[in-house]
Amino acid sequence: MEKTTTNSLSWVIGGAQGSGVDSAANIFSRACAAGGLHVFGKREYYSNIKGEHSYFTVRVSDRPVHSHVNEINVLASFDAETIFRHFEDVTPGGAIIYDSDVANTLLSEVPTVDDHAAARIKKTLEKAGLGLTVQDALGHAKRRGVVLFQIPFFQLLQEFAQKANDPALSKLTRMVNVMALSTSMAIMDFDNEVLARAIQFIFRAKKKVADLNVSASAHVYIYAKAKFAGSNFAYRLKARPTEKDMIIVQGNQSSALGKMVAGCRFQAYYPITPASDDSEFLEANEILDLNDSGKKGSTVVIQTEDEIAAIAMAIGSALTGARSATATSGPGFSLMAEALGWAGINEVPVVISLYQRAGPATGLPTRHEQGDLNFAVNAGHGEFPRIVLASGDIEESFYDTIKVFNLADRYQMPVIHMLDKAIANSVTTCRNFDPGKVGIDRGSMVRQITDKDKGVAGNYLRFKLSDNPISPRVVLGTKDAIFWNTGDEHTEEGHISEDPELRVQMMDKRMNKLELALKEIPDEDKAVAHGSSDIAIVSWGSTKGAVLDAMEKLAGDGTKVKFIQVKLMSPFPSELVRSMLNGVKTMIDIEMNYTGQLGSLVRQHVGREADYQIVKYNGRPMSLDEVYNAVKRIIGGDAPRRQVLKSGA
Amino acid sequence: MALKLSDYKTDVHNDWCPGCGDFGILNAIQMALADMQVPPYKATIFSGIGCSGKTPHFIKTYGIHTLHGRVLPFAQGAKLANPDLEMIAVGGDGDGLGIGAGHFVSAGRRNVDMVYIIFNNAVYGLTKGQASPTLKLGMKTKSLPQPNVNNSVNPIALALVAGFTFLARGYSYDVRHLKDLIMKAVAHKGLAFIDVLQPCPTYNDINTKEWFQGLDNVDPETHKAMPRMYKLEETGYDGVVHDPSEINQKMAQVIEKSNEWGGKIPIGIFYQNEHVPTYQERIAARIPDYMENAPAVQQIADNKGKTITSIDRLLSDLRVDK
Ligand SMILES: Cc1ncc(C[n+]2csc(CCOP(=O)(O)OP(=O)(O)O)c2C)c(N)n1
Ligand code: SF4
Ligand SMILES: [Mg+2]
Numbered sequence: 001m002e003k004t005t006t007n008s009l010s011w012v013i014g015g016a017q018g019s020g021v022d023s024a025a026n027i028f029s030r031a032c033a034a035g036g037l038h039v040f041g042k043r044e045y046y047s048n049i050k051g052e053h054s055y056f057t058v059r060v061s062d063r064p065v066h067s068h069v070n071e072i073n074v075l076a077s078f079d080a081e082t083i084f085r086h087f088e089d090v091t092p093g094g095a096i097i098y099d100s101d102v103a104n105t106l107l108s109e110v111p112t113v114d115d116h117a118a119a120r121i122k123k124t125l126e127k128a129g130l131g132l133t134v135q136d137a138l139g140h141a142k143r144r145g146v147v148l149f150q151i152p153f154f155q156l157l158q159e160f161a162q163k164a165n166d167p168a169l170s171k172l173t174r175m176v177n178v179m180a181l182s183t184s185m186a187i188m189d190f191d192n193e194v195l196a197r198a199i200q201f202i203f204r205a206k207k208k209v210a211d212l213n214v215s216a217s218a219h220v221y222i223y224a225k226a227k228f229a230g231s232n233f234a235y236r237l238k239a240r241p242t243e244k245d246m247i248i249v250q251g252n253q254s255s256a257l258g259k260m261v262a263g264c265r266f267q268a269y270y271p272i273t274p275a276s277d278d279s280e281f282l283e284a285n286e287i288l289d290l291n292d293s294g295k296k297g298s299t300v301v302i303q304t305e306d307e308i309a310a311i312a313m314a315i316g317s318a319l320t321g322a323r324s325a326t327a328t329s330g331p332g333f334s335l336m337a338e339a340l341g342w343a344g345i346n347e348v349p350v351v352i353s354l355y356q357r358a359g360p361a362t363g364l365p366t367r368h369e370q371g372d373l374n375f376a377v378n379a380g381h382g383e384f385p386r387i388v389l390a391s392g393d394i395e396e397s398f399y400d401t402i403k404v405f406n407l408a409d410r411y412q413m414p415v416i417h418m419l420d421k422a423i424a425n426s427v428t429t430c431r432n433f434d435p436g437k438v439g440i441d442r443g444s445m446v447r448q449i450t451d452k453d454k455g456v457a458g459n460y461l462r463f464k465l466s467d468n469p470i471s472p473r474v475v476l477g478t479k480d481a482i483f484w485n486t487g488d489e490h491t492e493e494g495h496i497s498e499d500p501e502l503r504v505q506m507m508d509k510r511m512n513k514l515e516l517a518l519k520e521i522p523d524e525d526k527a528v529a530h531g532s533s534d535i536a537i538v539s540w541g542s543t544k545g546a547v548l549d550a551m552e553k554l555a556g557d558g559t560k561v562k563f564i565q566v567k568l569m570s571p572f573p574s575e576l577v578r579s580m581l582n583g584v585k586t587m588i589d590i591e592m593n594y595t596g597q598l599g600s601l602v603r604q605h606v607g608r609e610a611d612y613q614i615v616k617y618n619g620r621p622m623s624l625d626e627v628y629n630a631v632k633r634i635i636g637g638d639a640p641r642r643q644v645l646k647s648g649a
Numbered sequence: 001m002a003l004k005l006s007d008y009k010t011d012v013h014n015d016w017c018p019g020c021g022d023f024g025i026l027n028a029i030q031m032a033l034a035d036m037q038v039p040p041y042k043a044t045i046f047s048g049i050g051c052s053g054k055t056p057h058f059i060k061t062y063g064i065h066t067l068h069g070r071v072l073p074f075a076q077g078a079k080l081a082n083p084d085l086e087m088i089a090v091g092g093d094g095d096g097l098g099i100g101a102g103h104f105v106s107a108g109r110r111n112v113d114m115v116y117i118i119f120n121n122a123v124y125g126l127t128k129g130q131a132s133p134t135l136k137l138g139m140k141t142k143s144l145p146q147p148n149v150n151n152s153v154n155p156i157a158l159a160l161v162a163g164f165t166f167l168a169r170g171y172s173y174d175v176r177h178l179k180d181l182i183m184k185a186v187a188h189k190g191l192a193f194i195d196v197l198q199p200c201p202t203y204n205d206i207n208t209k210e211w212f213q214g215l216d217n218v219d220p221e222t223h224k225a226m227p228r229m230y231k232l233e234e235t236g237y238d239g240v241v242h243d244p245s246e247i248n249q250k251m252a253q254v255i256e257k258s259n260e261w262g263g264k265i266p267i268g269i270f271y272q273n274e275h276v277p278t279y280q281e282r283i284a285a286r287i288p289d290y291m292e293n294a295p296a297v298q299q300i301a302d303n304k305g306k307t308i309t310s311i312d313r314l315l316s317d318l319r320v321d322k
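In the order they appear, the protein sequences are chains V and G.
Heads up: the first sequence begins at 1 in my numbering, then just goes up one per residue.
Heads up: the second sequence begins at 1 in my numbering, then just goes up one per residue.
The set of hints was computed from the structure by calculation and includes no laboratory data.
Treat the numbers as computed from the prediction; the structure is a model and nothing was measured.
All C-beta atoms, glycine included, are put in the ideal place defined by N, C-alpha and C.
Don't take every hint at face value.
As the list claims (entries may be wrong) - Output of the computed footprint for chain V on chain G, the stretches with three or more beta carbons under 8 Å from beta carbons of chain V:
| no. | segment |
| --- | --- |
| 1 | 55 to 67 |
| 2 | 74 to 85 |
| 3 | 98 to 111 |
| 4 | 279 to 293 |
| 5 | 306 to 318 |
For reference, chain V alone in the conformation it holds in the complex (with noise of 0.2 Å):
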């Protein structure tokens, strides 16, 4: 038998999009984070509805995660597509746990492998003289020493219908997800009681379905357990108590839970993927509990016609004094353009959470990439200021929400809070969110206004000129106090104006905002440096986890790399990263996308080339092996100044 691994493991779960992949791999989640361990997971689909190919990969460990890997140590799966697609991934000492009716399925019998996939598959197995059915493919895994699991799914529900009594169930094929979970449990030894608890807890707005599932994964647990008594299957997941305050999010949620603290009370949005299920976490939640109070906040979501109608109705909205925002991915950002100039030219604070996908036109939609970021630092014709502020992994997306709608009151403009598809379709274990870490602030916005506010004929003069670029705003609503909006130049009570003189002024005291704001937006808003050493990586966004979990696992090889991430793209932190760069020997540029976009940023404001660059753009997120790999070749020494990484199903 092979020397056991506890408690460190890839775990992934595949299947047709819509049979409860997502379901057994939050249930494993759950699972393994009410058993005392840390976790990553993550969500690749295709953009369908039922039918095609989704996996969900679960990192777990006994110390934080922050990414995912390449390896799969074990892989539970309940269709021949998921064996197809993953089985050499599977690491010698792995398991594939499979049912038994798909064991003689062809390649060419599964519909929804796409040409290029298939020819990649048959061209693995015709290498290795083996066939082209799943069979062949579990061989091709067996001969590099992984374990196989066969469960007959169909026959262990029939069972379980006849022992509950109900000929019904055998026709529950919903459950097989669980059951190819509650297989893998077993094998791993994991406590079936914290597993029940798991599945409870997911389906707990159904408590028969609940029930049900329980019943079923108990039912396989113990078949399996039982099947599988003398296996040399090596890894184990064991339970521990938990850490105090810990929670498990999903990166949907960490910034729809941002919001309702930062007091957004208004959303407006148009369905896109992955940004919808911010503004559907909102609305599921309007209703929202105020401290010490009997009263109760609410959150108005509206879902419109275009994204062009949604960052419209955000932006009126906040002219009443709501603090409003929108959500959306690159195909309606594109959209929100010329709004978002509007905003800027009038002073309008607004937040609009952009979620990378990858681009351009509808691109991959349902994948993942960072190729946004030049276009939200210079969405919309002419100049105006704006702030772009991305945040690297959920834990922080909550508290930059928080921040964003800051940074929007404080400084009167529309501000881009960038996250993407990585961050929204991921999961973590994490330090439980402090909702009263980061404080409200909502700048110069008054209910009243003062004489000094006012021009010499008493009028309120919403776009003051003074030493201070940032004049008191008022709300529609507020008595002595009209002003006006225009999308054309304007005189400071807002009225159209083409007078050149006025024109720079106005200019001028918009952009000066920014400068201000450099002035005061704190250091580790802008950039955060992790370690210190003469080679530096420079990133930004959700390929932090990568990032760091490769920079702990250099430092076990004895080298030490800096991490330079990036947070606030306009106005560029241009001194802090160049006293960050200092010293800095070796500058390699890591992004998901083609071109380099932080990189070609840092080039214009810190007037530094990147050394190296890693970049990655197949849709599919960085993980820890492809940036540790990439990295280590830079320091042997044979890297070629560009890499591109391209791991990932």
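Mind docking chain G with the ligands on chain V? Use the hints.
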């Protein structure tokens, strides 16, 4: 002290062409506000882009001059965030029925309690007279290089099928009648639409003031011009849906009446249906204190700047030891 008409006027120089129909609409809006004694700070005029888009700058209430075609979403967002304020949206026919047509239809589905006025001059005024969506097929105004190749949209019928619940047409030179329509539109519970026939003397030499007033249409007996416009209310027409059972019949007569054009052009109220819940009411059905505690007025922080929102209930669901 009662508010006077002059309290609703700014001293911003008005640069519309002399004789432009927009002046009449502007006056009617100001007169309606004065008649209703709306405190200027309680009202906001939103506009799109075009000659018509400049309207808010001449009115002394809050004025938000937005983007081409987007006036409705801006105004709806504001109204839904603060339902306490009076929101009037105005804009051109190109603005609302061309580039903004999608918003027009979607606004009907929502029925937000506010007013939308289209300045219908059948041309794109501010871009020098191109055909607008309301210009009839085959018409060639002096500003067009070729006759119009598109058919025209019927704004009232489109608004009807989109779900607007108050439909009226006014004429910019019948200011009093238009003022009355605006007051009724404001009083209406739901989304009100007024299509205002607005001569553009500079670019539209077909639908001119003289044409509307029938100077080309002289009664052979009296030798007097026969105005094309006639008032629906003077013909015994009743557009009000008194009972939901009448809806189909009332809708049918709107289609018929709104298609009248050429010799006779009806103005007045085509349709009014207050049996449809407003968007505000639909929100209030889910958020019980919405009307008193709308987004704009909610307290979100204590006086030390600490959030007062508690997400404990949601966080406790995420706890690993749950
Ligand atoms: C997105 C965009 N496209 C085009 C324009 C140019 N533009 C300005 S006004 C206008 C048309 C105005 O016509 P209408 O809405 O009928 O208003 P009117 O001037 O007739 O009152 C256009 C196309 C613009 N401002 N914005
Ligand atoms: S172009 Fe026509 S609509 Fe515009 S101001 Fe002149 S007359 Fe009025
Ligand atoms: Mg027009």
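When I compare C-beta atoms, does the segment 306 to 318 of chain G have three or more residues closer than 8 Å to chain V?
The restraint on the segment 306 to 318 of chain G holds, since 11 of its residues have a Cβ under 8 Å from chain V and three suffice.
Taking beta carbons only, do three or more residues of the segment 74 to 85 of chain G come closer than 8 Å to chain V?
Coverage by chain V holds here, the residue count being 11 at a Cβ distance below 8 Å.
8 Å C-beta criterion, at least three residues: is the segment 98 to 111 of chain G covered by chain V:
Check passed, 4 qualifying residues.
Are three or more residues of the segment 55 to 67 of chain G within 8 Å, CB to CB, of chain V?
holds (count 10)
Coverage assertion for the segment 279 to 293 of chain G with respect to chain V, Cβ distance below 8 Å, three residues required:
Held - the segment 279 to 293 of chain G has 6 residues with a Cβ nearer than 8 Å to chain V, which meets the minimum of three.
Hint compliance for this structure: every hint is met.
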